[in-house]
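Asks: So the protein sequences, as listed, match chains D and G. Here the numbering used here is used: the first residue of the first sequence is 494, the next is one more, and so on. Here the numbering used here is used: the first residue of the second sequence is 80, the next is one more, and so on.
In case anyone wonders, no lab produced these hints; they're calculated from the structure. Any given hint could be a false lead.
If you want a taste of the chain D side facing chain G, the calculated C-beta under 7 Å gives, among others [claimed, not checked]:
| # | residue |
| --- | --- |
| 1 | Lys-550 |
| 2 | Met-566 |
| 3 | Thr-569 |
| 4 | Phe-588 |
In silico BS3-like links for lysine-lysine, alpha-carbon gap of 30 Å or less [to be verified]:
| # | chain 1 | residue 1 | chain 2 | residue 2 |
| --- | --- | --- | --- | --- |
| 5 | D | Lys-550 | G | Lys-212 |
| 6 | G | Lys-187 | G | Lys-104 |
| 7 | D | Lys-573 | G | Lys-187 |
| 8 | G | Lys-104 | D | Lys-573 |
| 9 | G | Lys-187 | G | Lys-175 |
Pairwise CB distance ranges, derived in the manner of DEER restraints [to be verified]:
| # | chain 1 | residue 1 | chain 2 | residue 2 | range |
| --- | --- | --- | --- | --- | --- |
| 10 | G | Thr-182 | D | Pro-604 | 27 to 33 Å |
| 11 | G | Asp-108 | D | Glu-633 | 23 to 29 Å |
| 12 | G | Gln-211 | D | Glu-535 | 29 to 35 Å |
| 13 | G | Gln-168 | D | Gly-583 | 25 to 31 Å |
| 14 | D | Glu-535 | G | Leu-186 | 41 to 47 Å |
| 15 | D | Glu-633 | G | Lys-91 | 30 to 36 Å |
| 16 | G | Asp-108 | D | His-541 | 39 to 45 Å |
| 17 | G | Thr-207 | D | Gly-528 | 40 to 46 Å |
| 18 | D | Val-578 | G | Arg-106 | 15 to 21 Å |
| 19 | D | Asn-638 | G | Met-193 | 48 to 54 Å |
Idealized CB from N, CA, C, for every residue including glycine.
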Amino acid sequence: MQFFGGSELSPSPPTPTGTGTENNSHMIYIFNRNGVCLLYREWIRPLHTLNFQQDHKLMFGLLFSLKSLAAKMDPTCADKGNLGVPQLPGQGCSFHSFRTNTYKLNFMETPSGIKFILVTNPGTGDLRETLKYIYNLYVEYVANNPLYTPGTPIRNRSNNTRHHTFPSLF
Amino acid sequence: MAAIYSLYVINKSGGLIFYKDYGSKGRMDTNDSLRVASLWHSMHAISQQLSPTTGCTGIELLEADTFDLHCFQSLTGTKFFVVCEPGTQNMEDLLKAVYELYTDYVLKNPFYEMEMPIRCELFDINLTRAIQKDRVALLGR
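Given these sequences and hints, build the entire structure.
Replies: Pasting the structure below:
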């Protein structure tokens, strides 16, 4: 059963509204609710500021804080918790992307707390559908894999091949 | 149609120097607005660390479910950010206009101390005028 109520796994990902036909994406991260990085793939990343462990921690921390900020700054909700209180997935307002001059970060959190982050070129459009597609791939190949222990990094071979071919489909 | 919910100005150290709410239900008290401003300052800095390429100057737009946040950082590190309805256009121009007002009515004010909260009447008057003009233009569309 698909979380987002879609039908069978679609054969090709949705075409995002972006510019150009070249590879748009820089990296992808998948975190679980405890901050364990389940998957990290990079395709184009000329600059590495920190080592991988610190980079993952920084990314998770940034997302946690930005979610907290978005929930607090929500202009349509009068009564909010205090800043910094951990929010349940789906509780309060959450952000779905942010853009800087050099990259755009697209974010999606599932009700089980799995966070999908795709870092792309700044000109990319709304990638929420694409992230849902990636989530469906995750459900299909990882969550449904009887040999996969939840909370450990993803090592499934067929999932990796999928992820390698995926950015070329942008 | 498209509305501005609030406007913040933070100094180069991350301290809030100006906060104006334009009628959102999420109006914050002083302490909360200070915390939110400092948090934004830190997030802005961290986002530069995570860039895959060089030359990143920080978050310019944050899109959430119920609002968008546009941020403009001047060369001196002063940040102007506005919380508005999702999909509001021309916020970058508005922020640049606010920056011009800041340089004219705050920085050129001889009694204004740098990095301190803004208490300049002319800035408030002209800012309200600029926001209203923006609102009228947006509603007129």
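Asks: All hints, please: hold or fail.
Replies: Results for each hint:
no. : hint                               : in the structure
1   : Lys-550                            : violated (11 Å)
2   : Met-566                            : holds (6 Å)
3   : Thr-569                            : holds (5 Å)
4   : Phe-588                            : holds (4 Å)
5   : D:Lys-550 to G:Lys-212             : violated (44 Å)
6   : G:Lys-187 to G:Lys-104             : violated (34 Å)
7   : D:Lys-573 to G:Lys-187             : violated (39 Å)
8   : G:Lys-104 to D:Lys-573             : holds (11 Å)
9   : G:Lys-187 to G:Lys-175             : holds (17 Å)
10  : G:Thr-182 to D:Pro-604: 27 to 33 Å : violated (47 Å)
11  : G:Asp-108 to D:Glu-633: 23 to 29 Å : violated (47 Å)
12  : G:Gln-211 to D:Glu-535: 29 to 35 Å : violated (47 Å)
13  : G:Gln-168 to D:Gly-583: 25 to 31 Å : holds (29 Å)
14  : D:Glu-535 to G:Leu-186: 41 to 47 Å : holds (43 Å)
15  : D:Glu-633 to G:Lys-91: 30 to 36 Å  : violated (48 Å)
16  : G:Asp-108 to D:His-541: 39 to 45 Å : holds (41 Å)
17  : G:Thr-207 to D:Gly-528: 40 to 46 Å : holds (44 Å)
18  : D:Val-578 to G:Arg-106: 15 to 21 Å : holds (19 Å)
19  : D:Asn-638 to G:Met-193: 48 to 54 Å : violated (59 Å)
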